[in-house]
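All chains, please: the whole structure from these sequences, using the hints.
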Amino acid sequence: DVKVTQSSRYLVKRTGEKVFLECVQDMDHENMFWYRQDPGLGLRLIYFSYDVKMKEKGDIPEGYSVSREKKERFSLILESASTNQTSMYLCASSPSGRASDTQYFGPGTRLTVL
Amino acid sequence: GENVEQHPSTLSVQEGDSAVIKCTYSDSASNYFPWYKQELGKRPQLIIDIRSNVGEKKDQRIAVTLNKTAKHFSLHITETQPEDSAVYFCAASRNQAGTALIFGKGTTLSVSS
Chain E
1 DVKVTQSSRY LVKRTGEKVF LECVQDMDHE NMFWYRQDPG LGLRLIYFSY DVKMKEKGDI
61 PEGYSVSREK KERFSLILES ASTNQTSMYL CASSPSGRAS DTQYFGPGTR LTVL
Chain H
115 GENVEQHPST LSVQEGDSAV IKCTYSDSAS NYFPWYKQEL GKRPQLIIDI RSNVGEKKDQ
175 RIAVTLNKTA KHFSLHITET QPEDSAVYFC AASRNQAGTA LIFGKGTTLS VSS
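So the sequences go chain by chain: E and H. Per the numbering used here, the first sequence starts with residue 1, numbered consecutively. Per the numbering used here, the second sequence starts with residue 115, numbered consecutively.
Check before you lean on any hint, since a few could be wrong.
Result set (DSSO-like, lysine-lysine): computed pairs, CA atoms no more than 27 Å apart in a straight line [what the hints assert, rightly or not]:
1) E/Lys3 <-> E/Lys53
2) E/Lys57 <-> H/Lys185
3) E/Lys3 <-> H/Lys185
Hint data in this document are derived by calculation from the structure and do not stem from the laboratory.
Here's what the structure looks like:
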């Protein structure tokens, strides 16, 4: 059974803070993704990674960066958090480099920036 | 740019009725179309998918149809039950590294008994 975990379910940060969101998968998946979920806007892709140390921008990468030093771990970094980054953040992983692979989602991190 | 439009944004049905959610995609190179279901407070999970070489696929009470010419695909749920209440997302494969999806904005389905 695929397990995707995220470091926090809820997080409260101050404007300007550097924020790290961690995602870990235990199934040796090649691909990992970070999405942002906002009401009425669906799932928007921030960044994805198809291999260790490889990354690609998604639709809304501004204000975010990512790190993938190990295959099982994909981190989302908010260099200087702003109130408009208050959102639900979902991580996902998939086995290989095919879009037709099932994406397995983590439980989400609800981030509030004050 | 690539886009997936999903309608309606909310849908309320009585238990036992059918529900239909429609999506339109913009990139003619898209060839894979999954549907994810997200129950309240839970993570999205794949419920059914269809590839571009197939026109229809069924799995018990759910079915998906694809019209490549018109670039739209639909989710059909028959004999709805309260446990079908959730947010449903359609998605289409991107013409970018072949590995990512673009999601629709979601449809909140409410099934009342």
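query = Which numbered hints turn out to be false for this structure?
reply = 3
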